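Enquirer: Protein chains in written order, with the UniProt record's numbering: chain A, 1 to 437; chain B, 1 to 423.
Mixed in with the good hints there might be a few duds.
As the list claims (entries may be wrong) - For lysine to aspartate or glutamate, the following DMTMM-like pairs were computed, each having C-alpha atoms within a straight-line distance of at most 20 Å:
{"hint": "1", "chain 1": "A", "residue 1": "Lys-340", "chain 2": "B", "residue 2": "Glu-128"}
{"hint": "2", "chain 1": "A", "residue 1": "Lys-340", "chain 2": "B", "residue 2": "Glu-125"}
{"hint": "3", "chain 1": "B", "residue 1": "Lys-122", "chain 2": "A", "residue 2": "Asp-272"}
Claimed, not checked - Okay, the calculated bits of chain B under chain A, using three or more residues with CB under 8 Å as the criterion:
{"hint": "4", "stretch": "128 to 139"}
{"hint": "5", "stretch": "151 to 159"}
Derived by calculation from the structure, the hints in this document are not laboratory data.
Note that the coordinates shown come from a computational prediction; the quantities given were computed from them, not determined experimentally.
Positions of the beta carbon are idealized from the N, C-alpha and C atoms, including for glycine.
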Amino acid sequence: MSLFGTTSGFGTSGTSMFGSATTDNHNPMKDIEVTSSPDDSIGCLSFSPPTLPGNFLIAGSWANDVRCWEVQDSGQTIPKAQQMHTGPVLDVCWSDDGSKVFTASCDKTAKMWDLSSNQAIQIAQHDAPVKTIHWIKAPNYSCVMTGSWDKTLKFWDTRSSNPMMVLQLPERCYCADVIYPMAVVATAERGLIVYQLENQPSEFRRIESPLKHQHRCVAIFKDKQNKPTGFALGSIEGRVAIHYINPPNPAKDNFTFKCHRSNGTNTSAPQDIYAVNGIAFHPVHGTLATVGSDGRFSFWDKDARTKLKTSEQLDQPISACCFNHNGNIFAYASSYDWSKVRTPGPALGAPRQQSQALGSEGLGLSCDSSQDSHVSLGRSLSPPCKGKLQDFLKWLWGFSTAFGQNPAHRKCSASVSHYGLLCSWAQKHRQAGGCTL
Amino acid sequence: MAICQFFLQGRCRFGDRCWNEHPGARGAGGGRQQPQQQPSGNNRRGWNTTSQRYSNVIQPSSFSKSTPWGGSRDQEKPYFSSFDSGASTNRKEGFGLSENPFASLSPDEQKDEKKLLEGIVKDMEVWESSGQWMFSVYSPVKKKPNISGFTDISPEELRLEYHNFLTSNNLQSYLNSVQHLINQWRNRVNELKSLNISTKVALLSDVKDGVNQAAPAFGFGSSQAATFMSPGFPVNNSSSDNAQNFSFKTNSGFAAASSGSPAGFGSSPAFGAAASTSSGISTSAPAFGFGKPEVTSAASFSFKSPAASSFGSPGFSGLPASLATGPVRAPVAPAFGGGSSVAGFGSPGSHSHTAFPKPSSDTFGNSSISTSLSASSSIIATDNVLFTPRDKLTVEELEQFQSKKFTLGKIPLKPPPLELLNF
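All chains, full assembly: derive it from the sequences and hints.
Expert: Below, the structure is given as C-alpha cells:
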C-alpha cells in the first residue's frame, strides 16, 4: 500500500515510473491508491451501505470485471473478490442490506452477485447495453431498476426472469439516480424524466433540460429532512445544473454553474471544456463532488453556491467517484474515458511508448495502424506499466476536515475534531511529516 | 449599457466586474451584479437573480467573461462564476411575441433573433475551440428543443463500438466511421457559424417549433461491423439522412408540415410521422407550444409523443408562440410548478407511457422515409393537407392571414394558403 508521500507503483504496475522524463502526475493529491486495480478503464464505483459493517468498494471496469475491496479504517485496501461479465461493466450498485451487488454490463444483462456465496446470477435482460442499475427498496416492494440504451427502463424482481414493469424512455438512458421515493433518468437528446416510486414506479414529470448539451451524469440530493428534493445534472460541456423539483421560486432556486474548464479566469483565450463524468453528494453535509475529464475533482456547496476545493490535475481523466456511507471516504477512479476523440493530425505520428499507443487518445483516430493498436491493446490488458492507461483508485481521507477549514462552513467545524484521521489535504496544512493513521 | 449609478457616486462594489458601464473607466461588460445581499454577508460573488437575464440567456458563452472564478484558486471562498437562475422567462416572452419567421418582424423580435443567432454562432465557436465532446445535441436556449443536425452519442457508446470492432479485427472501419461522424459534426458547426439565409430560417423554425433529432448513428449500437458505415448512416432508415443531408429542407418541411396539422385531429398521426424522423422521438411542432394542461409539462418538452398531443387549438406554427402567453401555456410551462397538472399526470403516466410510444414508433419506423420525402416535396408542391387553397377560407380567416399579427380569438383553424406565405 502506498502511504502518503510515496508514489511507488504497486499492485498492477510492473515497471516503475514513466519511461519518459515527465513528472509523475498520476497521484498528485497523494491519496491512497488501491491495490490490484482493474486493468482497463473504470466505469463505476460504489461503496457498501451503512448496514454492512466496514467499508467495501465495488468497481466495474471495461475489462469486463467487477472487483470488490475491503477498505479498512487505516486506509488499507484488501482485494476480496471478482466477478466477470461478457462485456464491459457500466454500472454497479448494492442492495440495501449489503449482501448483494448488482452489476450492469454491455452484454445486455444485469447480474446479481451474492457476496457471501460469491455466485452471480443473471437477473435482467435488455436489447441493448444496460447503462444504469439501481436498487429500489420501498415499503411494499423492492426491485432492481435497469436503464438501457434500448430506450426502456425495466424493473426486476430478482426472482423472476420477466420484468415487473417496463417503462418507455424517449431516448437511450444515459444516467440515472434513485433515492426513494424519487428517481431521475437522463436520456440522450437532452431528455430528463423524474419518476415517483411510491406504490409502483410511475413517471412523475418530464423536465426540459436546463443544460444545452448532452447529459452525462445525474445525482439526487436531499433536503434537511432527508427527503429527496432535487438533483444535480452534469453535461459534457463542463456544466452542472442544480434543479429542484418543487422549489418555491424556480427562477432563483435552480441554477447552473460551470466547472471542469481550463483557465477559468482568462476568458479571452479559448477555454478547454471537459465533460463532467460523475457527481456524488456527501451523505452528511450535502455538499457535492464532481469529477471531470480534465482529471480533477472538485467539491462544491450548492446552498452557498461556492466552490470549496479543486484538486490538482491528474494525468488522466477521472471517470467515476463515490462517497462511502458516512462520508468519511471519497473514492475516485482515474482512467481514460474516451473523451479525446479529436481530429487526427497532431496525435498521429506523435512519439509515444508502445504501451501507450492505445491510450493515444484519439481512440482509434490517432492510432498509427490497426495492427499497432491491436498489439498494444493486448499489452495494455496485462498489467500495464505506468502509462496513460494506468488506472488507480484513490482515497481521500478525512475529507471533511477540508470542510472544517473553510471558515465559511462553520457548520462543519464541529466535525473537524471528530474526524481525526489525517488526510493528505489536512496534512499539508498542518505540515505534519508522518502519517498518523 | 446602463451607466452605473454607484460608480458615478464613486462607490461601486463590483468594480470592473460590474455589469453596468463605468464611464471613463472600463466600458466592457464585465461581471454580474448582485442586487441582493447574501445573508452571510461576505464578499461572495456571482449568481444571478431573475432580472437582467436577458443577455445572459442568449449568450451563454459570455458567462465566462464575468467574475473571475475560482477555477485556479483553491483557497477559501472561491465561488461559482456564472449562474443562471434558470430564468428563461424573458426569452419566452421574446418568442411569444414573434410570429412565424416568414412574416415581417417587429424590431424587438428581430433583436431577439439576432441575439439568438449570435449566441448560436458564439456557442459554435466555443464548441470547436474548447475540445469538448463533439457528439452531443445542442440547443441554443435551455429548455428549448434541440437544433437539428447534431447527433447524440455518449463516450461509452463510442467506446463500445471500438471494442466491437476490435474483436472483429476491423479497426479501420471504426476509424472511418468516427472520422465520418467528425466530419459531419464539423460541417454542421461550420454551417451554423456562417449563417446564410437558409440556415437561419431553418434554425429559427427549429428553435420555435421544435425539431426532431435524427436518431444518430444509432446504427452504431444496433448494427454490426458489416453493415456499419454505409452511405450516410444506416439504421432507423430515414432519420440521420434527413437530418444531415437535408437539414434545411426537412426543417422547412417541418415548418410547413406543422401548419397542416390542424387540418384534422385524425391526421395527427400522419403528421406526427411526417414530422418526426426518429422512432420514439417526435416533436410535433405545434404541440410544442400547446400542451394542454392534462398532457402536462411533457407537452412543452421536445420529446413528447404525438399521441399525447391534443391539437385542440388551431395550429399555425406561429401560433404556439402567441399562445405561449395565453392561459393554455401557464399550467404547463412551469416545470416546477407541480400542482394539478402533475397530479393529473401521475396516474396516466405509467400507462400512457408504455402505450403511446409503441404505436407511434411503429408508425415512424415504417413510414418515416416516405413521409419525410413527401414533407420535403410538399414545400414545392401545394399539398391540400398543408395549405388550404384560398377559396376555401372564409373572409375572416383570410383577413387574419393577411394581417401582420393574429388576434387572439380569431385565429383560423385551417392552415394558410400557399400564396400568402413568403419564404
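Enquirer: Tell me the numbers of any earlier hints that the structure contravenes, in ascending order.
Expert: Per hint list: zero violations.
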